[in-house]
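Novice: Using the sequences and the hints given, assemble the complete structure.
Respectively, the protein sequence lines represent chains A and B. For the record, in the first sequence the residue sitting at position 171 is 722 according to the working numbering, with numbers rising by one throughout. For the record, in the second sequence the residue sitting at position 178 is 807 according to the working numbering, with numbers rising by one throughout.
Don't take every hint at face value.
[What the hints assert, rightly or not] Calculated pairs, EDC-like style, for lysine to aspartate or glutamate (alpha carbon to alpha carbon, straight line, at most 16 Å):
#1 B:Lys733 <-> B:Glu846
#2 A:Lys710 <-> A:Glu727
#3 A:Lys696 <-> B:Glu661
#4 A:Lys559 <-> A:Glu601
#5 A:Lys696 <-> B:Glu704
#6 A:Lys710 <-> A:Asp665
#7 B:Lys809 <-> B:Glu779
#8 B:Lys800 <-> B:Glu827
#9 B:Lys809 <-> B:Asp764
#10 B:Lys713 <-> B:Asp656
#11 B:Lys740 <-> A:Glu666
#12 A:Lys620 <-> A:Asp588
#13 B:Lys830 <-> B:Asp804
#14 B:Lys830 <-> B:Asp813
#15 A:Lys692 <-> A:Asp681
#16 B:Lys740 <-> B:Glu776
#17 A:Lys710 <-> A:Glu731
#18 B:Lys713 <-> A:Asp702
#19 A:Lys635 <-> B:Glu761
#20 B:Lys740 <-> B:Asp804
#21 B:Lys713 <-> B:Glu761
#22 A:Lys696 <-> B:Asp656
#23 A:Lys692 <-> B:Asp656
#24 B:Lys733 <-> B:Glu761
#25 A:Lys696 <-> B:Glu660
#26 B:Lys713 <-> B:Glu776
#27 B:Lys740 <-> A:Asp665
#28 B:Lys720 <-> B:Asp764
#29 A:Lys696 <-> A:Glu686
#30 A:Lys692 <-> B:Glu704
What the hints contain is simulated information worked out from the structure, not anything from laboratory work.
Each chain, letter by letter, is given below.
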Amino acid sequence: MIPAADPKAGRILLLACGALAREILAVNQASGLDHLDLQCLPAIYHNHPEKIVPAVRDAVAKYRGTYAKIFVVYADCGTGGQLKTACRDLGVEMLAGPHCYSFFEGNAAFAANDEITAFYLTDFLVRQFDSFVWEPLGFAKYPAKFDVLRDMYFGHYTKLVYQAQTDDPTLTQLAETYAERLQLPFERRFTGYGDLETELTGLT
Amino acid sequence: MSDEDEIILSELNDEDLVAQMFDDLYDGMKEEIEESVNILLSRDWEPYRILTEALVGGMTIVGHDFRDGILFVPEVLLAANAMKGGMFILKPLLAETGAPQVGKMVIGTVKGDIHDIGKNLVGMMMEGAGFEVIDLGINNAVESYLEALEAESADILGMSALLTTTMPYMKVVIDTLIEKGIRDDYIVLVGGAPLNEEFGKAIGADAYCRDAAVAVETAKTFVARKHNQSGATA
Numbered sequence: 552m553i554p555a556a557d558p559k560a561g562r563i564l565l566l567a568c569g570a571l572a573r574e575i576l577a578v579n580q581a582s583g584l585d586h587l588d589l590q591c592l593p594a595i596y597h598n599h600p601e602k603i604v605p606a607v608r609d610a611v612a613k614y615r616g617t618y619a620k621i622f623v624v625y626a627d628c629g630t631g632g633q634l635k636t637a638c639r640d641l642g643v644e645m646l647a648g649p650h651c652y653s654f655f656e657g658n659a660a661f662a663a664n665d666e667i668t669a670f671y672l673t674d675f676l677v678r679q680f681d682s683f684v685w686e687p688l689g690f691a692k693y694p695a696k697f698d699v700l701r702d703m704y705f706g707h708y709t710k711l712v713y714q715a716q717t718d719d720p721t722l723t724q725l726a727e728t729y730a731e732r733l734q735l736p737f738e739r740r741f742t743g744y745g746d747l748e749t750e751l752t753g754l755t
Numbered sequence: 630m631s632d633e634d635e636i637i638l639s640e641l642n643d644e645d646l647v648a649q650m651f652d653d654l655y656d657g658m659k660e661e662i663e664e665s666v667n668i669l670l671s672r673d674w675e676p677y678r679i680l681t682e683a684l685v686g687g688m689t690i691v692g693h694d695f696r697d698g699i700l701f702v703p704e705v706l707l708a709a710n711a712m713k714g715g716m717f718i719l720k721p722l723l724a725e726t727g728a729p730q731v732g733k734m735v736i737g738t739v740k741g742d743i744h745d746i747g748k749n750l751v752g753m754m755m756e757g758a759g760f761e762v763i764d765l766g767i768n769n770a771v772e773s774y775l776e777a778l779e780a781e782s783a784d785i786l787g788m789s790a791l792l793t794t795t796m797p798y799m800k801v802v803i804d805t806l807i808e809k810g811i812r813d814d815y816i817v818l819v820g821g822a823p824l825n826e827e828f829g830k831a832i833g834a835d836a837y838c839r840d841a842a843v844a845v846e847t848a849k850t851f852v853a854r855k856h857n858q859s860g861a862t863a
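Specialist: Structural data, given as structure tokens:
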């Protein structure tokens, strides 16, 4: 009897942050990366980096029997180097760089900018501003305490930089509104998909 | 709440007023905390007693509930802001009345890092525990730490970082202390969201502190040990 062909043979699993799902699918579609499958972990881990490493470990354990190769589409993302250590232990690769703000802009360019007083929003964070920024920081729950909280969180920031992955006037307008809400000067910077695109297209 | 239900702070006895201060701290009511501190002062409470029994007592509950996932960052910040209001009144009085000084700490976020929420919480709780705190603010280069440590004759160096990219700078500071032969003159405590105990050990810190309450307890332990050692060698 001839064994059935493995349906996942030659395919790569992208184990990704949910906040990158739209961007990954856009890159895959634009570049014809039909050999890449996508599984996402909850996007809200963006706000809870301590949950990333255990979740990645569990997911790699779950899928490694199915896929010969798994690529973790997270940068360090606030794990303090622990995700890198975990990926090394698990024998899987991951994105380079400290976080999405860096790899969207290009890690080298981002490091060279040394822009420590910028608060960044990506396309995803503009779309999800209320649930990922406004509400977790307590602005919705404590409107009367806005000034106190705003100064404690954003007192040292000097601008809001919207790193645009796409040209979408609606998102730009929203991002500008959010800068006004946070009382920060607004800057829009088109990044495209940056190093994310480079890394995904290089996966074989 | 109707007017009939409104609590008149000045009409509460001491015990009830302190209990109310715990509630007001928990709810981030800065003006009420300031009023209560002034009421207790008018009743001849020592500033140090107000600090420890009312403010630190209340913040300890906030800290526990944050650790246990009952309160979240915004609530802790509002509580801290309320405590800050009380501390502002008490601080000059503490010096005048000779409140006990446990030790002196220089604290700041490291070079490249502007995130100071954790650092501010630690500073405030350390002051509440009787430490003098020299707050260097944000984005500190090694020279800034060294100058302050020497000028202030500090016991403790506290460094904070929120970013994976900035936390390695803590090692730069510690290595510089070693190079200058003064590492053992100071207790070095480090903290920040991406850090862990392993990192603290790897860079040569005395301890990693996961939150403000742990920082206070760790600082007390190390200062007591240091004093004991000084006593033994005297």
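Novice: All hints are to be evaluated individually against the structure, with a verdict given for each.
Specialist: Quick rundown of the hints versus the structure:
Taken as a hint, the B:Lys733 and B:Glu846 pair is honoured in the structure, with Cα atoms around 14 Å apart against an allowance of 16 Å. Distance restraint check for A:Lys710 and A:Glu727: the Cα-Cα separation of roughly 11 Å lies within the 16 Å cut-off, and the hinted pair is therefore satisfied. For the hint pairing A:Lys696 with B:Glu661, the CA-to-CA distance comes to about 15 Å; that is within 16 Å, so the pair holds. Pair hint A:Lys559 plus A:Glu601 does not hold up; C-alpha atoms about 31 Å apart against a cutoff of 16 Å.
The suggested pairing of A:Lys696 with B:Glu704 holds, with an alpha-carbon distance near 11 Å, which does not exceed 16 Å. The straight-line distance between the Cα atoms of A:Lys710 and A:Asp665 is roughly 14 Å, inside the 16 Å bound, and the hint therefore holds. Restraint check: the Cα-Cα separation between B:Lys809 and B:Glu779 comes to about 12 Å, which is no more than 16 Å; the hinted pair holds. In summary, the hint linking B:Lys800 to B:Glu827 is supported, as the alpha carbons are separated by about 13 Å, within the 16 Å threshold.
Proposed proximity of B:Lys809 and B:Asp764 is contradicted: the alpha carbons are some 23 Å apart, above 16 Å. Proximity of B:Lys713 to B:Asp656 is assessed by CA-CA distance (about 14 Å); at most 16 Å being required, the pair is judged to hold. Restraint check: the Cα-Cα separation between B:Lys740 and A:Glu666 comes to about 12 Å, which is no more than 16 Å; the hinted pair holds. Annotation: proposed proximity of A:Lys620 to A:Asp588 holds, straight-line Cα distance about 11 Å (limit 16 Å).
Distance restraint check for B:Lys830 and B:Asp804: the Cα-Cα separation of roughly 13 Å lies within the 16 Å cut-off, and the hinted pair is therefore satisfied. For the hint pairing B:Lys830 with B:Asp813, the CA-to-CA distance comes to about 15 Å; that is within 16 Å, so the pair holds. Between A:Lys692 and A:Asp681 the alpha-carbon distance is near 12 Å, which keeps this suggested pair within the 16 Å criterion. At roughly 15 Å between alpha-carbon atoms, B:Lys740 and B:Glu776 fall within 16 Å of each other, so this suggested pair holds.
A distance of roughly 10 Å separates the Cα atoms of A:Lys710 and A:Glu731; the hinted pair therefore holds under the 16 Å criterion. Among the hinted pairs, B:Lys713 with A:Asp702 is consistent with the structure: their alpha-carbon atoms are about 14 Å apart, no more than 16 Å. Restraint check for A:Lys635 and B:Glu761: the C-alpha separation of about 39 Å exceeds 16 Å, so the hint is violated. The straight-line distance between the Cα atoms of B:Lys740 and B:Asp804 is roughly 15 Å, inside the 16 Å bound, and the hint therefore holds.
For the proposed pair B:Lys713 and B:Glu761, the alpha carbon gap of about 15 Å is at most 16 Å, so the pair holds. With a CA separation close to 11 Å, the supplied pair A:Lys696 and B:Asp656 stays within the 16 Å bound. Annotation: proposed proximity of A:Lys692 to B:Asp656 holds, straight-line Cα distance about 12 Å (limit 16 Å). Distance restraint check for B:Lys733 and B:Glu761: the Cα-Cα separation of roughly 5 Å lies within the 16 Å cut-off, and the hinted pair is therefore satisfied.
For the hint linking A:Lys696 to B:Glu660, the alpha-carbon distance of about 12 Å falls within 16 Å, and the restraint holds. The hinted pair formed by B:Lys713 and B:Glu776 fails the criterion: a straight-line CA distance of about 27 Å is larger than 16 Å. For the hint pairing B:Lys740 with A:Asp665, the CA-to-CA distance comes to about 11 Å; that is within 16 Å, so the pair holds. For the proposed pair B:Lys720 and B:Asp764, the alpha carbon gap of about 14 Å is at most 16 Å, so the pair holds.
Taking the CA atoms of A:Lys696 and A:Glu686, the gap is about 13 Å. The hint holds against a cut of 16 Å. About 10 Å separates the Cα atoms of A:Lys692 and B:Glu704, which keeps this hinted pair within 16 Å; it holds.
The structure fails to meet hints 4, 9, 19 and 26 from the earlier list, while all remaining hints are met.
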